[in-house]
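Chemist: The primary structure of each chain is shown beneath.
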Amino acid sequence: MLKGFLKLSWIEMKVFVREPMGVVASLLLPVVLFVIVARALRFSSGGSGIPVSRLPFNITILTSMLIVLGAVQSLVAIMAIYREGGILKRLRATPLSPVTILGSHVLVKLAFTLATMVLMIVAGKKVLPGAMPEHPVSFVAAVMLSTTSILSFGFVMASLVRSARFAQALGAAMTYVMLALSGVFIAVDHLPRWLQMVAYSLPTTHSVTLMRAIWSGESWGSQLATVGALGAIFAVCIGFSARWFRWE
Amino acid sequence: MAVEITVGTMPERPAKSSRLRLTNGLRSGYICTMPSPVVTVRALSKRYGRTVAIADVSLDVFEGEIFGLIGPNGAGKTTTMECIQGSRHADGGTISVLGLDPRRDSTALRRRIGVQHQEAQLQKRIKVWEAVDLWASLYDRESVVDRDALLERLGLTAKRDSWFKNLSGGQKQRLFIALALIHQPELVFLDELTTGLDPQARRAIWELVRDIRARGATVFLTTHLMEEAERLCDRVAIIEHGRVIEMGTPMDLVAKHCPQRCVLYSTDEAEGERLHELRGEGDDFVTEVIHRIARDGTRVRGFRTEVPSLEDVFLKLTGRAIRD
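As they're listed, the protein sequences go chains A and B.
Following our numbering, the numbering of the first sequence begins with 27 at its first residue and continues without gaps.
Following our numbering, the numbering of the second sequence begins with 0 at its first residue and continues without gaps.
Everything labelled a hint here was simulated from the structure, so no lab data went into it.
Ideal placement from N, C-alpha and C gives every residue a C-beta, glycine not left out.
Among the clues, some could well be false.
To be verified - Here are some of the chain A residues that sit facing chain B, going by a computed Cβ distance under 10 Å:
#: 1; residue: W36
#: 2; residue: R44
#: 3; residue: M47
#: 4; residue: R118
#: 5; residue: S123
#: 6; residue: V125
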């Protein structure tokens, strides 16, 4: 079934690339927006320097989170479209399992997230060098790990939603909630206690914690608890999705 | 124009051999080589909330036949087929497909059956050859047929680089048949295969279905097109409100429920053309009429027969009220 998995992933990648708007929205738009904002920051500081340290949030981590959440929204929407169009029902008649189908889409999203991250870092080194991580490979690895965990959270939504229209609304709502509670803008410790519990049950919060730590030069060894939390969320979500996956 | 109506009764037609009758023959003690059932369904039932989708459905499908499940929209055809494929849980009853339990042995079963779904789609921008290539990768290498030969057989060679969304309805259905046949399944399920297709495309697909049978596979199809069932199926089961109300060969069902034949012919008379209408029962009725016309030396200007079809049987058994 590995052959089928790789073949499906490759075909999904080609099909995705053949949708011009999808490529622009997921691959180029975040980078273009990042460059525009970065240039605006340089302009606002008179071109002499970048006041990144004075920003209330880390622009690179924020952009990374937007890239990841964009991938999740895309995954949820694609699954809903496939379900509505009977594509999943057609695949169900084959030996493919739900995990294989979802896994192939994860691979596609990881590939495009990686490509977008590389583009952003390359562009960032030119236009906003002060806002780039010291260890870009390690940082990208943290983003990829976060993507895997957050995508698994997307699986749950993708497995359950009935229609593409509902998927879009749910995906957008979850994006706003996850981003707001992730700690990018407000430290989680400053939230009310009950909201902290909600935040820590979401993968985005642990993702931001991991990205921040790697950004500031901390070792992966010091982040085992965060990595474990992301892994646990991944395992629970995968199990739930495989059990409750709706083919139609 | 004068009209003569004569109603006659012809002797009952002899029983024709069929697999259903062979079953009965065995019970009567005849020795014959009977194909084994590849699908056995007993007392199958399924509800959606308070709605009874299927109730107490029992049927056998024999090796090498084209079996049709026919019925009005919403009668339970697709639900029955999906329960048999293992893609839907039945509430009650037993199902055996190729000796397997469709729910318990679903993975093993999916490797041995081919499925075409009603209204199923593929990714809009997947190419024909990519879809065939993907499906081929999902099965054992030994069982997969030559992909180019398959596309050629289904008339899709010229479309191999086309995106799915750019195919016509008939081409899409031919592609779905290709995907269902890629691994040489022993049993092929075809759900409302030709609905919405033009007559040319429909007839081309009928030929493909006959070809599947000719290559040794068994075909289980659903349709609400009676002409399709009559031309394609060796046996049909009529399903109505979730229950099988009749089963047999199309000819046997017509003979049983609509035995009446009608012969219409016109003759030249002194006062002008005269239309004659003769009604009777049995396969030999038309022959008897022809013999009578020949014996009388009647000069016939026009001649036609009206033989009941499976559609007449269907309407007689299911009623003529419009369904949703």
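Chemist: Which constraints among the numbered hints does this structure fail? Numbers only, ascending.
Modeler: 3, 6
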